[in-house]
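Okay, here's what each chain looks like letter by letter:
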Amino acid sequence: MSEPTLVDQLKQKFGAAITGSNLENVDPWIEVAPESIVAVCKYLRDEPSLAFDYCNSVTAVDYLHTDEKKAAKSEWQPHLEVVYHLFSMQHKHSLVLKAMLTRWKDDEVGELPEIDSVAHVWRTADWHERECYDLFGIHFIGHPNLRRILCPEDWVGHPLRKDYEMPLEYHGIRGR
Amino acid sequence: MSTVDDPRTIEFDVRTDEMLVNMGPQHPSTHGVLRLVLRTDGEIVSEVTPHLGYLHRCAEKIGENLTPRQFIPYTDRMDYLAGMNMNLGWALAIEKLMKYEPPEKGRHLRVIISEMGRIASHLVGMGAYGLDLGTFSPFLYAFRERERILDLFEEVCGARLTYSYLTVGGATADLPPGWVEKCEAFLTQLEPIIVEYHTLLTTNSIFIKRTAGIGVMSAATAIDYGTSGPVLRGSGVDHDLRRDGEEIYTAMYDGYAFEVIVEKNGHYPKDHQYPAVPKEAILGDCWHRFYVRMLEVMQSIDLVRQAIDRYSTATGNYGEPMKLNQKLPKGEVYLETEAPRGQMGFYIVSNGEAIPWRARARSSSFCNLSVTSELCRDCLIADVPAIVGSLDIVMGEIDR
Amino acid sequence: MNAIYWPSVFFLLFGAMACGFALAVLLSANIVRMAFYLVMSLAATAGLFFLAGQEFVGAMQLLIYVGGTLVLLIFGVMLTSQERFVNMKTLAGDWVIGMIAGGALLSLLTAAAFSVPEWRGPERAAVENLPIEPNATPIGMGLLGARVDQIGAPADERAGMAGYLFPFEIVSVHLLVVLIGAAYLARAKRRSNPLPTG
Amino acid sequence: MTTSLLANLLTEPPGVAHYMTVGAVMFVCGAMCMATKRNALGVLMGIELVLNGANLNFIAFGSKYLDNGGPQLGLDGSLIALFVIVLAAAEAAVALAIALNFYNNHDSIDVDRADQLQG
Amino acid sequence: MASAINNLLDWLLTSWLLSGLGLSVSTDSAIGYVVAAFIHIALIINLVAVGALVFIWLERKISGRIQDRLGPTRVGGKFGWLQTLADGLKLITKEDLMPDGADGFLFKIAPYISFAASIAAFIAIPFAGGPYPWIAQHLNTGVFFVIAVLGLEVFGVILAGYSSASKWSLFGAMREAAQVVSYEVPLGMCAVVPVLIAGSMDMVVIGNQQAGFFTNWFIFHDPATFITFWVYFTCALASVNRAPFDLAEAESELVAGFHTEYSGLRWSFFFMAEYGSMLSVSLLASILFLGGWHGPIPIASLLGLTAENGDVAGYVGNLLGLTNVLFKGVVGVSVMIWIRWTLPRLRIDQVMATCLKYCTPIAAVMFLGAVLWQYNLPGRTFFGLLAAPPAMFSVDEGWEAPPAVTTEPAKPAMVEVRVEGLTPQQVAANQERGN
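Protein chains in written order, with my numbering: chain A, 1 to 176; chain B, 1 to 400; chain C, 1 to 198; chain D, 1 to 119; chain E, 1 to 435.
Chain A extracted, bound-state conformation (with noise of 0.2 Å):
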């Protein structure tokens, strides 16, 4: 499998839903709109030549310049990137799938970016989405079980986003 031809493949199939991709990195990713990833990853997952039937981690990353010399300057518009890595038992190869968010759901400060959930597709996602919910606020539509896994259920906010504020005390606890 060469990334050129399956960035085709994919586009061929689903059009305007693979929005980009990047094959210079050194793993090249295939970007997909939000609303198409789960049949993206069904599709991925049942075609035979592709196969990829082992999901590695699901994670996300928060593109915000916290210093506002650096985000004048900065190359891209503050976002979330969801990332899919995936890995065929099959064939042994792997694919990096990623997805745009908002940072915030309609850019209102507080509503959590939205994105359907591969946890049907591959179970272990189950938990990664979880973790992701939990370290990024990310909402994972159709999740069966989307809590916090790593930090307490009554913690507030997400700790993984650059603009995250360690609170000043949790529970009598002091934070900073």
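Be a bit skeptical, because a hint or two may be false.
Cross-link-like lysine to aspartate or glutamate pairs, in silico, EDC-like; alpha carbons within 16 Å at most [stated by the list, open to error]:
| hint | chain 1 | residue 1 | chain 2 | residue 2 |
| --- | --- | --- | --- | --- |
| 1 | A | 70 | B | 353 |
| 2 | B | 61 | A | 163 |
| 3 | D | 64 | C | 118 |
| 4 | A | 105 | A | 75 |
| 5 | D | 64 | C | 133 |
| 6 | A | 92 | B | 246 |
| 7 | E | 167 | B | 41 |
| 8 | A | 92 | B | 244 |
| 9 | D | 64 | C | 94 |
| 10 | B | 330 | A | 75 |
| 11 | D | 64 | C | 128 |
| 12 | B | 61 | A | 165 |
| 13 | A | 162 | B | 151 |
| 14 | B | 99 | A | 24 |
| 15 | A | 98 | A | 111 |
| 16 | E | 167 | B | 151 |
| 17 | A | 92 | B | 280 |
| 18 | B | 330 | A | 24 |
| 19 | B | 327 | B | 280 |
| 20 | B | 99 | A | 31 |
Under 8 Å between C-beta atoms, here's a sample of chain A residues computed to sit facing chain B [said to hold, decoys possible]:
| hint | residue |
| --- | --- |
| 21 | 13 |
| 22 | 14 |
| 23 | 25 |
| 24 | 26 |
| 25 | 53 |
| 26 | 59 |
| 27 | 61 |
| 28 | 89 |
| 29 | 91 |
| 30 | 96 |
| 31 | 100 |
| 32 | 126 |
| 33 | 127 |
| 34 | 149 |
| 35 | 160 |
| 36 | 163 |
Rather than coming from a laboratory, the hints here were simulated on the basis of the structure. Here a beta-carbon is modelled for each residue, glycine too, at the ideal position from N, C-alpha and C.
Dock chains B, C, D and E against the given chain A, drawing on the hints supplied.
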């Protein structure tokens, strides 16, 4: 596997009330601070829900604030039973980003150290599993041997648990003179002892009764849940990153002779030397997971010997540690390595500065543990430690 | 000034324990404590059996009754003990009626017990030096139909004394029936969910 | 008066009557237990007490150490006591099975609620 | 000296305690009984308490050696022999905790019930035989009594588990109840086999019958008894809750099972009870199967250290016998310790299956086997290879042999009376009746 003949199909004679029981976070057999909420009906567990996070130390957030070499000590504290392998995983991921290739001697050194780390880790896994099943002595035997590995590691880097030895660009120092001979002597001593462990556990009839046919996980489930390492291979999936991984990692093992430890047609590689698979055992059960680990110890012994040969004849340097505040090239990489507990992955996003924009650790125990609620459905209370123990988790790696 | 007769002391001890714990069973409302008091009462009864020279029956009482039946009973208590059943209060009216009937019965029985002079207890000299005779074998032989205690008796007194072979057989069959019956009553009602084949 | 009664009890051997008194107390306690307890297992415990009270009498009449020339049961006493013990065990097993069954069907072990023949 | 103690006690009891009640104590018998009883009690409690001390030390030492460690080395000089005592002191000074929801009365009393049951079993265990056996209370149904009393230990465990208000404790208690009740059946069956061969439940009689060389031990009597011994040992392990059957306290599953909530002295009472029970089942095994107070070679009788050659000789002989019994008991306990530190733990359903599918049927078959062997090869020992010595199979049951006029000649052979192995009282009683 028929439902009727299965020993775990329990007939209810009395209607009892369901009870929620907290196993952990302070429980002898949850391997640290894991909390399992059991829904029990008498001795039968109908549902197990793991609760994590008691050891969460924000390693990923820390990784966004430190240069790669500064982060090395934090990787030690992820899987603290296999710190060397964690160091290696992180170092290779950064090297992949930097497109750096360590010299030949450094490669062989890394094989020696990481395979020794694997032996140490599997020894603990074996001993702790005995503990889970109620036998104490193998634990101490395992620690006795592990101590000797730790002595060797101490000689190499001065630390016994958090080594920070393998680092980006190679290692912090070369192996001290005479170390290789000591290591070889240790391997010669360890080999016959493994046979003793097989007598004590693997072939012990009570051990077989407790593990064979318990917690059976099919290959499809194992893949679906993203399990890796001995847990995945115990289910019969032929996958080992040392052979099937990315090139930067497999290059380390280039030219090494080893077979992936996985059952094929009812046989394990070189299994004539080891106890036969008991007829009660079903592929993917606790026994197989344990057995794969035991065989991997032998495999690692073999690999270390090969690596020592190559290391002794290799010329040149063991590598050049990267500068502390060296700027990283722009880009993002994801690399998984075969750590003792499975595939340890690091995902690094760099925006061209010395400090990565994002450092993500995909831990093998995390995925391996996620399968517990699937495996512990309708088992007995005593099976829960047996199943969780067979996954061989380390909470430091899960909670990060 | 009379010398103490030690078996009497132990009789008082065991008798008081048996009666006291029996009363405690009656008066306690907590089912688990009731079970505990019952254990103590029956263990004290076993002591009384030993005191009466019936070692075998006493040991039997300990083994089967205290060790077996009551463990079973406590098992049952634990299986059914939910908060609302542990403390189940008796109605006041029941207490009154019970007390009246029980008191009457007790006084009648006690009066009856002491009304027969032959039952009041032997002379001290008569029993003090009685040899200790083992009684396990006679009981065993009795169950097999041979009455060793009647060996010396004249034939006409022994008429109809064929031992206990027949009752023994009946009890054995009875036990078997009970075993099957109890297993049937508490039989499996359902099976666990089918196993995940994964 | 009390001292002399106690003295009498301490210095003279106990007789059948003494055993019968203890037996009577146990019997009455058991009978009242059966009558007043609403918990099925409490009733079962009452039955055990009654049986033991009766057993004490059999043993007393069978013991030669308590004999003051009255009618004696001899070996029959211990044999009957033995049968009682064994049958009590059987009875307890069945009663327990019934109680558990009742509990399964009614979610209760209150015997006052066992007023219908069908579960 | 003895009379001085006697007088003192007499004075104390008569003048101080009992005169108010108008009672007196005759100096000839009663005081003697009381003193003897107290000595017996003191000795037995000492045996259990000191035994626990020794066995815990032994367990540590053995487990240490098994695990390639040294075990305790410091407290008390060499070998750390005072380690247990130091731990005992620590336990005494420890805070005595009770969970909030616990049933205080039952919670507090439970360890003592276990301990009392464990001690009570020693009442009927003889430590030396001969015509003057060393035994606290010579019971005619000794074997039965010991097994019955050992079964009572379970009550302490059940009550502890139930009253602790902890789910883990409750699990432990339920397991213990199920396990002990089940294992009593095969245990009793196994104990019946030597009883059947000896023809008596009197442990002194059983022990005395195995006099002579080790060939007379009941374990070597026939193949059935040989197998029975191993079944007995398995069941004994299970009934005293030792690994691999220690499910009631399975630390990897139930935290600590029934004693999860206990601390300090109460907790240590459970342990004393456990070690006491281990010793008593081992002693029972040694008396039923392993010749009791007779060594493999009858040194005592070869040297003439028997009661026939005078009191002192008899005493020394009994002392040797005591050593033998205790040695066998300690060996039995050591084997239990050895097993514990070697084997993994079984699961609860496997424990029950072991009892119902293996131990009970094997015990039943071995019982039948022993009966058939006895029937076909009476009067032989050591797997039928040797003729049994006359001392074997001599039982006195205390009633007269049937007179010739009996109309029921059913079983004269089985009611036959032999006169060996009697206690002096029995001999005297027989003579009186004979006269």
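Hint check:
no.: 1; hint: A:70 / B:353; in the structure: holds, 13 Å
no.: 2; hint: B:61 / A:163; in the structure: holds, 12 Å
no.: 3; hint: D:64 / C:118; in the structure: holds, 13 Å
no.: 4; hint: A:105 / A:75; in the structure: violated, 22 Å
no.: 5; hint: D:64 / C:133; in the structure: holds, 10 Å
no.: 6; hint: A:92 / B:246; in the structure: holds, 9 Å
no.: 7; hint: E:167 / B:41; in the structure: holds, 12 Å
no.: 8; hint: A:92 / B:244; in the structure: holds, 7 Å
no.: 9; hint: D:64 / C:94; in the structure: violated, 41 Å
no.: 10; hint: B:330 / A:75; in the structure: holds, 13 Å
no.: 11; hint: D:64 / C:128; in the structure: holds, 11 Å
no.: 12; hint: B:61 / A:165; in the structure: holds, 12 Å
no.: 13; hint: A:162 / B:151; in the structure: violated, 42 Å
no.: 14; hint: B:99 / A:24; in the structure: holds, 14 Å
no.: 15; hint: A:98 / A:111; in the structure: violated, 21 Å
no.: 16; hint: E:167 / B:151; in the structure: violated, 43 Å
no.: 17; hint: A:92 / B:280; in the structure: violated, 32 Å
no.: 18; hint: B:330 / A:24; in the structure: holds, 11 Å
no.: 19; hint: B:327 / B:280; in the structure: violated, 56 Å
no.: 20; hint: B:99 / A:31; in the structure: violated, 24 Å
no.: 21; hint: 13; in the structure: violated, 23 Å
no.: 22; hint: 14; in the structure: violated, 23 Å
no.: 23; hint: 25; in the structure: holds, 5 Å
no.: 24; hint: 26; in the structure: holds, 5 Å
no.: 25; hint: 53; in the structure: holds, 5 Å
no.: 26; hint: 59; in the structure: holds, 5 Å
no.: 27; hint: 61; in the structure: holds, 5 Å
no.: 28; hint: 89; in the structure: holds, 6 Å
no.: 29; hint: 91; in the structure: violated, 10 Å
no.: 30; hint: 96; in the structure: holds, 7 Å
no.: 31; hint: 100; in the structure: violated, 14 Å
no.: 32; hint: 126; in the structure: holds, 7 Å
no.: 33; hint: 127; in the structure: holds, 4 Å
no.: 34; hint: 149; in the structure: holds, 6 Å
no.: 35; hint: 160; in the structure: holds, 6 Å
no.: 36; hint: 163; in the structure: violated, 13 Å
In terms of the numbered hints stated before, the structure departs from hints 4, 9, 13, 15, 16, 17, 19, 20, 21, 22, 29, 31 and 36, listed from lowest to highest.
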